[in-house]
Amino acid sequence: MITDLAQILITTLTVGSMYALVAVGVSLIYSATGVINFAQGEFVMISGMTVAGLYGQLGWPLAPAIGVALVAVLLYGALLMVLTTGLARRTSLIGVLIITIGASIATSGTAARIWDSDTHRFAPFSGDAPFWVFGATVTPQALWIIGVSTVCVAGLIWFMRSTMVGKAMRACSLDKSAATMVGIPVQATVMVSFLLSGLLGGVGGIVTTPLTTVDAYSGMLLAIKGFSAAMLGGMGSIVGALLGALLIAFIETVTVTFGSSALKELPTFTAIILVLLLLPRGIVGGRQEAGLQHEDLTKQ
Amino acid sequence: MTTIALPARNEIRNNAATVLAFAAGMIALPFVFGNGYYLNTLVFVAILALPALGLSLLSGLSGQLAISHGAFFALGAYGSSILAVRLGIDPAISTILAQFIVAAIAAAIGAVVLRLRSHYLAIATLSFAIIVELLIEEWSSVTGGMQGMIGIPPYEIAGMSLTSDKAVYLVYWPITILMLWFALNLSVSRVGRALRAIREGEPIVDSLGIRAANYKIGVYVVSSVFAGLGGSLYAHFVGFVTPATGSLMFAIDIIMVLALGGFDRLWGALVGVALITLLNEYALGFADYKRIFLGVALIAVMLVFPRGLLPGIIDLVGSGLRKGGADARRA
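If you read the protein sequences in the order shown, they are chains A and B.
Just so we're on the same page, my numbering is the position in the first sequence counted from 1, plus 1.
Just so we're on the same page, my numbering is the position in the second sequence counted from 1, plus 657.
Okay, chain B solo, but in the shape it has when bound (with noise of 0.2 Å):
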């Protein structure tokens, strides 16, 4: 059993100022290198971030795997485009209202499922993303079937619609930096030691008069509800949704995202997603070297830093630096 590090109060005032700090970098950008595809990037960066950052809070801190992100994700997509183009809601009201329904059916699911541990958990959310891709598929009447739907509305802010790649940036990366520290200063909450303390064992926490159980529904509720945010920001500036949304394939995409990142980190999950977002979009061209490429890749990965790519990278810089500061003081 290890022992469970409780972060000090100081923690949360530097989390503001590094959090501060990274949004003042990411909305100066487009103000210092000016208009261009790269932004188009980044807001998908923005866009895949939110549910790599669900993921993170509940695997990384409760150490339980689900693989239903993808299909929050779909349900975000999809809620929110269904409101706005069916019944003509306001694109942002409509984001709210996606957000309770995914909330509600994650409430509903976690509370059957989490009874459930490691590997029989992964598999019963798994079997869960599947009905929900298939229920997309099928219900044509209301999701359009294969074909999907299109036409999905921009966000409108003070009258002007949200269409250009910059305006988009300048709402997006705020959004995601605010669930950021939401996650950051979650996970060094009480309730965030709570959780890393389930992850040691359950019945241990549940004998200190924490309701293990329903902690791990409330972090499956709000992980699902970054998921679902993300979705439905991503239906919103694509402008059409496809049942390959947050399909299977995307549901392992995130959790490769965690292994660049580490299991464990909620910056990592951002840094994962920013390398797969730029693997796609600039690397690799035919599907099938992509395939076997992120393959290799992430075995590679796994087998030379098991806690992640850029964990890894940290202990080998981190090592480097006391070891050269050693030399440095002998010379």
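Pulled out of the complex, with its shape left as it was, chain A reads as follows (with noise of 0.2 Å):
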């Protein structure tokens, strides 16, 4: 029994700290934009295959694989940037959507004709040998997961509560107009919130990948997990993207503890509607904003 318990505590944190870093961007761009990023998966499917290509197939060193990987996010979030709002003033909110979902399928392709469609996987950083706590078993590589995402998302909490950038970010997500007003340059924010969003999923690829796997195709379920957390905890707040990823990982994980790994999405999206009916604003309530007064996704 305290096996039980501890193996589904252990799973459900590796497994939801995957999910929190891409809730998390997802959050992050929504804030910024209204936007709801489709294409938020890719961020961990293309640093995943690039580390996998560098340092699993033609040997690099881990730390440049690392480093190109990030590059590599860095300027695929300006490009999704520049896409879904520098360049799409004129489209309706369903329109960007539909631009992020055409940015998905157009990556996932390139990324089968750069590598192939195979599966893809590199060494864990400090090797297979798992240990035992509680008679659960732990993979190092979950403690990096663990670990790696619990910083990143402290530090991403920090860096909106204390530093100035993080404060002018907040601010341009509560009113534009306001912000404008005051001197702070919106489109600058916006530009961080993109970056600041891959690197948490590129991030994501990089630790996830040695336990995961990863193709080129599997950024789009992962995007709408992390949609479906953020969602769940409620739209804009990162602590809500972090309690939406650990409670779906809770319920695939007990599933899959107690019932069939194939029905392990089942429950997960039931509890979704569930979640969405009973609290229309996910778990912590999160921000009122004008994006969701909307109904029609369709106006310009």
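I should point out that these hints are in silico values taken from the structure, not numbers from a laboratory.
One thing to keep in mind: the hints can contain errors.
With a straight-line Cα cutoff of 20 Å, these simulated SDA-like cross-link-like pairs (lysine to any residue) come out [to be verified]:
(1) B/Lys823 - B/Gly682
(2) A/Lys265 - B/Gly802
(3) A/Lys265 - B/Gly975
(4) B/Lys947 - A/Arg114
(5) A/Lys265 - A/Pro281
(6) B/Lys947 - A/Ile115
(7) B/Lys947 - A/Trp116
(8) B/Lys947 - A/Ser118
(9) A/Lys265 - B/Trp796
(10) B/Lys947 - A/Tyr218
(11) B/Lys823 - B/Leu935
(12) A/Lys265 - B/Glu794
(13) A/Lys177 - A/Arg90
(14) B/Lys947 - A/Asp216
(15) A/Lys265 - B/Leu792
(16) B/Lys823 - B/Ala673
(17) A/Lys265 - B/Met803
(18) B/Lys947 - A/Ala137
(19) A/Lys265 - A/Val255
(20) B/Lys823 - B/Asp972
(21) A/Lys265 - B/Ala901
(22) B/Lys947 - A/Asp117
(23) B/Lys823 - B/Ala931
(24) A/Lys265 - B/Glu795
(25) B/Lys980 - B/Pro968
(26) A/Lys177 - A/Ala89
(27) A/Lys265 - B/Leu791
(28) A/Lys168 - A/Gly156
(29) A/Lys168 - A/Val240
(30) A/Lys265 - A/Thr214
(31) A/Lys265 - B/Gly682
Put the two chains together into one complex, using the hints given.
Below you can see the structure in the form of structure tokens.
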């Protein structure tokens, strides 16, 4: 019993950290722009595939491979920002949603051409040998995932609360016009949101790929999970995204432990519908802002 | 707030005339050009136009985005196939029964999720679509699981089974055109006006004594039955169904169709379906190049023509003509 509990706890934390990195990224971009970024999972895919290619296949040392992967996701984040906000001023919210779907599809197709359609992974950072805590199996990589994600999310919360740039970003997400009036460069804060969001996804790809593997098409499902987690928690809230991710991971883990792994998504998505109905603005309430008051996504 | 254009009564007559002309053209096609593989492609256009028209009704009129049309397509396909194969019911009757099942499920789901708005509605309907896909994959004693079902019988009319492309074409297109006509009339009817008003703001509609919630559920059911009917027609034409039928990718395809055809144009949905089907059939061999091309094309279309490719081109041609006319008058 204690073994089961320990195993559920450690798996929930591992899987939850992975979802949290995506969910927090979704939430960041949403706060800054009102855009739901369907291409969020592509950050994870790009960095995972890059490190798998350079470090796993070509035999580069780990550090430069990680460096290249992070540069790649930063560039991709900048590209997404240009596509969804810079060029898309006349496009409706649903149109921007479609642009991110298009970006996700095109990116997975391109990745399948650059590499291939097979699954990739690379060696864990500290070896494969698992150890046991209360009878539960823990791999060193799981600790890496939990540790790095905790540092990233905690760092982000500190950044948003305590630095001038973070405060400017929060001001912009509350009221763009007022932020402009007090001299905050709105476009720059939007760019920072995309870059940070890309970095989070990129870090996620680097720490999780040794455990979960990656393929060219794995981005979309991850994005849906992250998007659901962010929404469960309350759109626009970092703590909410974290809670949502842990909740989804917990439901999945319990289902796999006591039920079938084939059906692991079923309770998850049922829970998403239920939570949305009972708490329409997510667990922590999310943000009441103009974007959500629009009932019509097709309005330009 | 924009004003809502009230459609004149003669729009219904205009619709009838355009639809009749279009129907005559489509029916004449195989007799003018003879048999050929193009008929097969056009049958798929007729089938896929139904879910696209359904989504166009829902999001074009009432501004609600649902990602559940792939799921209802699958429910229509599996519903009718299971009734026909496992219970031996005549395909035409099983198709009709399947639509009742689809309508009942849509009403139940709609009553629950349509209380949500915008992105929240999208994610709730997406969750429903994923649940349906999983149930189809896992409930293998009924649905055949990952392998799907084969040997689904074709429709029979007067003892003749619809197997040739031309026969299917001549039955399916009138059905699709009838549904198009219904959708066009619905959109200019009193109901259509109410739905367009909902898109501007539910409280106003409620304050005028129109129960917005009921109208939304109603249009969701109608829209889902469009998708379900498409699914049934699909299953009895190709003769097999798999979990890929109406999967999540399919739902996204249908949203792309609207991006091409325009969100609020029912005719546009038809053009969008034709474009995507042609691209799938003839232009793009490799799946990965297809993904790249479709992805880039979607981005380009939404950036250049935010209201969709077809409305964008119509605007361009329209302004070109007006300009041309002005130039001619000056000369």
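The hints, checked one at a time:
1. B/Lys823 - B/Gly682: Roughly 15 Å between the alpha carbons, so the hint for B/Lys823 and B/Gly682 holds.
2. A/Lys265 - B/Gly802: Satisfied, since the Cα-Cα distance of roughly 16 Å is no more than 20 Å.
3. A/Lys265 - B/Gly975: 53 Å, violated
4. B/Lys947 - A/Arg114: 11 Å, holds
5. A/Lys265 - A/Pro281: 24 Å, violated
6. B/Lys947 - A/Ile115: 15 Å, holds
7. B/Lys947 - A/Trp116: 16 Å, holds
8. B/Lys947 - A/Ser118: 14 Å, holds
9. A/Lys265 - B/Trp796: Distance of about 14 Å is within 20 Å: holds.
10. B/Lys947 - A/Tyr218: 14 Å, holds
11. B/Lys823 - B/Leu935: 18 Å, holds
12. A/Lys265 - B/Glu794: The given pair, whose Cα atoms are some 13 Å apart, holds under the 20 Å limit.
13. A/Lys177 - A/Arg90: 15 Å, holds
14. B/Lys947 - A/Asp216: Answer holds: B/Lys947 to A/Asp216 is near 18 Å, not above 20 Å.
15. A/Lys265 - B/Leu792: 11 Å, holds
16. B/Lys823 - B/Ala673: Not OK: B/Lys823 and B/Ala673 at ~25 Å, beyond 20 Å, violated.
17. A/Lys265 - B/Met803: The given pair, whose Cα atoms are some 16 Å apart, holds under the 20 Å limit.
18. B/Lys947 - A/Ala137: Since the Cα atoms of B/Lys947 and A/Ala137 sit roughly 45 Å apart, the hinted pair is violated (cutoff 20 Å).
19. A/Lys265 - A/Val255: 9 Å, holds
20. B/Lys823 - B/Asp972: The given pair, whose Cα atoms are some 36 Å apart, is violated under the 20 Å limit.
21. A/Lys265 - B/Ala901: 19 Å, holds
22. B/Lys947 - A/Asp117: 15 Å, holds
23. B/Lys823 - B/Ala931: 18 Å, holds
24. A/Lys265 - B/Glu795: Roughly 11 Å between the alpha carbons, so the hint for A/Lys265 and B/Glu795 holds.
25. B/Lys980 - B/Pro968: With Cα atoms ~18 Å apart, B/Lys980 and B/Pro968 stay inside 20 Å; holds.
26. A/Lys177 - A/Ala89: Distance of about 17 Å is within 20 Å: holds.
27. A/Lys265 - B/Leu791: 9 Å, holds
28. A/Lys168 - A/Gly156: Holds, because 14 Å separates the two Cα atoms, which is no more than 20 Å.
29. A/Lys168 - A/Val240: Roughly 16 Å separates the two Cα atoms, so the pair holds.
30. A/Lys265 - A/Thr214: Holds, at roughly 18 Å.
31. A/Lys265 - B/Gly682: 50 Å, violated
Consistency note: the structure conflicts with the earlier hints numbered 3, 5, 16, 18, 20 and 31.
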